Amino acid sequence: MAAILLTLGAVVAAPAVADLTGWRLARSAAPPAQDQIFGQDRPVDKLSLSRPSWERAAGLLVGELTLSNGNNYPVSNVIIACDFFDASGNPLGSHGTAIRRIFEPGKSRIDGIEFVRRAPDMQGGTCRTLAAKPARSAQPNDME
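So the sequence shown is numbered by the numbering used here: it starts at 51 and just counts up by one.
Since the hints were derived computationally from the structure, they do not count as laboratory data.
Just so you know, these numbers come straight off a predicted model, no measurement behind them.
Check the hints yourself; a few may be wrong.
Unchecked claim - As a list, the in silico SDA-like pairs of lysine to any residue whose alpha-carbon atoms are at most 25 Å apart: (1) K157 with A108; (2) K183 with D161; (3) K157 with N121; (4) K157 with G109; (5) K96 with P170; (6) K96 with I149; (7) K183 with I152; (8) K157 with A169; (9) K183 with N121; (10) K96 with I152; (11) K183 with R106; (12) K96 with G162.
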């Protein structure tokens, strides 16, 4: 009886393995999901930020920097993150903000980037771009 069950199990398992192998081969021909999501051209990859200058103002740190858009199209909804330190240079963390305007290809000056000063001796460091979208139009008031 055990031999019959083993034989029956092998007969059922063989086609299942063949189907699974065939599925994997057919599946590997499709592009990876990450390539479908991000594609070759991610707007954020061609954005860069200059080193910001920081000023203290009423419990805030206010930054000013230049964004360089190396894309051949305008971008909007740029999200940046900036690093902050205490007076001794110890990290206090990073904080992000969205800059809701349209940036044409080339360089654009950004001022008035405000962060709450969470410590009296908090100092601003460098910033980096996290995300951006291709702009739907070049109208300054056309925001999502």
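Given the hinted pair K183 and D161, is their alpha-carbon gap at most 25 Å?
-> Satisfied, since the Cα-Cα distance of roughly 20 Å is no more than 25 Å.
Agreement of K157 and A108 with the hint, judged by alpha carbon distance not exceeding 25 Å | 29 Å, violated
With a cut-off of 25 Å on the C-alpha distance, tell me whether K96 and I152 pass.
-> 15 Å, holds
Holds or violated: K96 to P170, with C-alpha atoms at most 25 Å apart = Distance of about 35 Å is beyond 25 Å: violated.
Assess, step by step, whether the Cα of K96 is no farther than 25 Å from the Cα of I149, and give holds or violated.
-> 16 Å, holds
Mind checking the alpha carbons of K183 and N121 for me, to see if they're no more than 25 Å apart?
-> With a Cα-Cα distance of about 11 Å, the restraint between K183 and N121 holds, given a limit of 25 Å.
Proposed proximity, N121 with K157 (alpha carbon, max 25 Å) = 11 Å, holds
Is the hinted pair K96 and G162 satisfied, with a Cα-Cα distance of at most 25 Å?
-> 23 Å, holds
Proposed proximity, I152 with K183 (alpha carbon, max 25 Å) | 10 Å, holds
CA of K183 to CA of R106, is that 25 Å or under?
-> 31 Å, violated
Would you check the hint for K157 and A169, treating anything up to 25 Å between C-alpha atoms as holding?
-> 32 Å, violated
Would the pair K157 and G109 pass a check requiring their Cα atoms to be no farther apart than 25 Å?
-> 29 Å, violated
Figure legend: structure checked against the earlier numbered hints; hints not met, in rising order: 1, 4, 5, 8 and 11.
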